[in-house]
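Novice: Listed below are the residues making up each chain.
Protein chains: 2
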Amino acid sequence: MSVYDILNSSFIKWMDVPEGDRDIVISSRVRLARNLGEIPFPHLLDQITGSKSLELISHAWKNTPGPLLADMDMIALDQLSPLDRQILTEKHLSSPQHADATCAYRAILVNHDGSLAAMVNEEDHLRMQCLLPGIRLRECYATAQALDDEFEYNLDYAFDEERGYLTACPTNVGTGLRASVMVHLPAMQMSGQLNHVLQNIGQLGMAVRGLYGEGSQPVGNFYQISNQVTLGQTEEDICTYLQTVTEQIVEQEGLLRERLKTDLKYQLEDKIGRAYGILCNARVIASDEALSLLSDVRLGVDLGILTGISLLALNELMVAIRPAHLQKLGGREMDAIERDIKRAEVIQAKMTSVK
Amino acid sequence: MSVYDILNSSFIKWMDVPEGDRDIVISSRVRLARNLGEIPFPHLLDQITGSKSLELISHAWKNTPGPLLADMDMIALDQLSPLDRQILTEKHLSSPQHADATCAYRAILVNHDGSLAAMVNEEDHLRMQCLLPGIRLRECYATAQALDDEFEYNLDYAFDEERGYLTACPTNVGTGLRASVMVHLPAMQMSGQLNHVLQNIGQLGMAVRGLYGEGSQPVGNFYQISNQVTLGQTEEDICTYLQTVTEQIVEQEGLLRERLKTDLKYQLEDKIGRAYGILCNARVIASDEALSLLSDVRLGVDLGILTGISLLALNELMVAIRPAHLQKLGGREMDAIERDIKRAEVIQAKMTSVK
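Chains as they are written, first to last, in this note's numbering: chain A, 9 to 363; chain B, 9 to 363.
Hints were generated in silico from the structure; no laboratory data involved. Check the hints yourself; a few may be wrong.
Because identical chains share one entry, a pair is satisfied inside a single copy or across any pair of copies.
What the hints assert, rightly or not - Here are the simulated SDA-like cross-link-like pairs (lysine to any residue), alpha carbons at most 20 Å apart as the crow flies: (1) K336 to P75; (2) K336 to S66; (3) K336 to G210; (4) K21 to S300; (5) K269 to F19; (6) K273 to E46; (7) K60 to G45; (8) K269 to I313; (9) K358 to Y249; (10) K60 to G338; (11) K350 to E324; (12) K358 to G200; (13) K358 to Q55.
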């Protein structure tokens, strides 16, 4: 399995829908930020120090006898087309900033199913992530930590006894850990409780962002909730805390969904039916509108109002309708209008094939 | 065939789609206003004079040996429930004003397929109409005239050698004739030419109204175009003139449709596809929105973009989604929300059965 397989597949691990998982949490992710001692942080790198950093990490990847690293493929970003770099971002394997850069000492590592990835020389020298479907923060952390251990076998991390892992941005110092969950909260939105809940989450020291993390606006009622504090708590504490907050949100969203189903039966079924009807019949559709309608359809599937559509298909569509994926599928560069047409085509094919 | 059959049927003659007719003109209608000599105009009637008027007309209906009158059923309006009176209006067989009144001397006559109807003691003593599918003004006039002749066999019309037929409202004096066509002009609307065309029609001495004539706002790009002048022209001239104007409008709308199909292919298919998708999947839908979406679907059928849906089904739906028809079908009085739910159900059933 190579990076190219991941680039050409519509599926990666987090899109899976494990049996018994609540449908409200789409995915969980733990990311660890690490830096190499004796090498400047990435924003200070030049060609020589950058290459040195890449070389050390590449050496660790090749020479560590660990099963996780052995399952990973590594590729320099300048070996990928801009479109392919964007595809990695759309699949949540790379940051937009990382995908934008073309300098030769940036790279990415991905395992066979995309559940493990690492960016080399992004904001930190090494940012590892484990990304899994559903609410599995502890498993994400355990796997990310195991990968971290494999890397550390052949790498000297910048570590301070008092402050912990040192990072380019002080907000990551300490554990270097960011844990996040992607949640779908349409009922909170519809019942007008969303802003209140999001404010509460903020007061609990959590950040709320859109589908693509920092700087992305929420669309389609999809929210990424993550810890803000990385210092003064253990990794386990951070994950447990986020897990607890998430479980509370899930419970509240679940209750509101049941209430909507009873109190606004027809309006809810109408909204969901219309979304389904438009997605199956539109010929031109913009990204935000599509995500918003997919959110309605997802709610319909979760509540049993729509049948025959799988959450896996909806997860795949959320990524398949992004600009780079559409252009990859179309085999050429496309302007916004062409993408809107292609997007409608992709959605229609998926929706009518699964129905 | 009785009035009750018409009340319970979803079909009446004007909904038909004659082979070879252009789809832009839905129906043609000719109405003749007549009054009885020696009896005051209806707005001055009391119980005695009103009954006299009704009696004279009823006598003519029963005793004239004509085939048209023999095919007509007559019923006093106070014999019908308010819902049934409204149903006659929704089918275009009665005016809203006539259906509203409950005095015992008002009545209605309808033939077996609803192509001929007459109101007794509405604004004039007798208002006969012939209503046919497509653009058939001459046939409408010939039939209305034949019915008029049958009535006149046993009735004394108020007629003045110089002014012609006398009517309650001076705008009808002369021929007492109003000819109208119901046209569907979505391409004019989409291409921004509608206002200009409607202004021109006004300058040609024609009136433009909505689906339900005087006082009704246009919805769904359906327009009723009719003559304003009834005096100083022969009946044939009035019909020929409206026919010519209509043919020009049809030609222009046809050209604009072809242009839209070429220039805005995707946007047009998108609009039509979404309308179809919403109509098939909505659970709650208001009347105006439904008509507007039915207009888009109709255009899709006319242009061959949607297949498997008949114009007849769409014509039937235009009437079946009106408040009285929905309540008749539901078997009970319904408030606006209940009607919106029933409307969505009726549309979905029709759209998915014909697809």
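Novice: Each hint should be assessed against the structure and marked as holding or not.
Specialist: Results of checking the hints against the structure:
1. With identical chains, the CA atoms of K336 and P75 are never at most 20 Å apart, being 31 Å at best within one copy and 72 Å at best between copies.
2. In this assembly of identical chains, K336 and S66 lie within 20 Å of each other by CA distance neither inside one copy nor across copies; the values are 28 Å within and 77 Å between.
3. Neither within a single protomer nor between protomers do K336 and G210 lie at most 20 Å apart by alpha-carbon distance, with minima of 38 Å and 55 Å respectively.
4. In this assembly of identical chains, the alpha carbons of K21 and S300 never lie at most 20 Å apart, being 23 Å within a copy and 44 Å across copies at closest.
5. In this assembly of identical chains, the alpha carbons of K269 and F19 never lie at most 20 Å apart, being 31 Å within a copy and 37 Å across copies at closest.
6. In this assembly of identical chains, K273 and E46 lie within 20 Å of each other by CA distance neither inside one copy nor across copies; the values are 62 Å within and 61 Å between.
7. With identical chains, the CA atoms of K60 and G45 are at most 20 Å apart within one copy only, with a shortest distance of 12 Å there and 111 Å across copies.
8. For a Cα distance limit of 20 Å, the shortest separation of K269 from I313 inside one copy, 9 Å, qualifies, whereas the shortest one across copies, 36 Å, does not.
9. Taking the closest pair of Cα atoms, K358 and Y249 never come within 20 Å of each other, the shortest separation being 37 Å inside a single copy and 53 Å across copies.
10. Taking the shortest Cα distances, K60 and G338 never come within 20 Å of each other, neither inside one copy (38 Å) nor across copies (78 Å).
11. Proximity of K350 to E324 under the C-alpha cut-off of 20 Å is restricted to the intra-copy arrangement: shortest distance 15 Å within a copy versus 36 Å between copies.
12. Taking the shortest alpha-carbon separations for K358 and G200, neither the intra-copy value of 31 Å nor the inter-copy value of 36 Å comes in at or below 20 Å.
13. Proximity of K358 to Q55 under the C-alpha cut-off of 20 Å is found in neither arrangement, the shortest distances being 45 Å within a copy and 69 Å between copies.
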